[in-house]
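Engineer: Sequence:
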Amino acid sequence: MPLTHLATAFVRAHPAVTSVIIGPRRPEHLADLLAGADVELTGDVLDRIDEIVPPGVNLNQDDIYHTPPPLSDKRLRRR
1 MPLTHLATAF
11 VRAHPAVTSV
21 IIGPRRPEHL
31 ADLLAGADVE
41 LTGDVLDRID
51 EIVPPGVNLN
61 QDDIYHTPPP
71 LSDKRLRRR
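Each residue of the sequence shown is one higher than the one before, counting from 1 in the numbering used here.
Mixed in with the good hints, there may be bad ones.
Said to hold, decoys possible - Label pairs and their calculated CB-CB ranges:
(1) ASP63 with ARG12: 20 to 26 Å
(2) PRO24 with ARG75: 19 to 25 Å
(3) ASN60 with ARG26: 35 to 41 Å
(4) PRO24 with LEU71: 28 to 34 Å
Everything labelled a hint here was simulated from the structure, so no lab data went into it.
Glycine residues also receive a C-beta, built at the ideal position from the N, C-alpha and C atoms.
Hey, can you work out the whole structure from these sequences and the hints?
Structural biologist: And the structure:
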């Protein structure tokens, strides 16, 4: 699965997300993003992503503007 499809499907899998904002620079970028519009990630794939980067982990310390409390119930993270 192309990373662009995975990324947009991951964002769409979050229950609080109502739309995904994309920013293609070229027509071929748009074509690729639209080709992955119907990709849906299974619970197993979402769980594997959470194993790699657990919810609440900041990969870039410069992105920290607010530190929310940790989720103690993993069921609340995306469903």
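Engineer: Quick check on a hinted range of 35 to 41 Å for ASN60 and ARG26, using CB atoms only.
Structural biologist: Violated - the Cβ-Cβ distance for ASN60 and ARG26, about 26 Å, lies outside 35 to 41 Å.
Engineer: Is 19 to 25 Å a correct range for the gap between the Cβ atoms of PRO24 and ARG75?
Structural biologist: violated, 34 Å
Engineer: Is the gap between the beta carbons of ASP63 and ARG12 within 20 to 26 Å?
Structural biologist: holds, 21 Å
Engineer: Note whether the CB distance of PRO24 and LEU71 lies within 28 to 34 Å or breaks it.
Structural biologist: Check passed, 32 Å falls within 28 to 34 Å.
When the structure is compared with the earlier hints, violations turn up for hints 2 and 3 and for no others.
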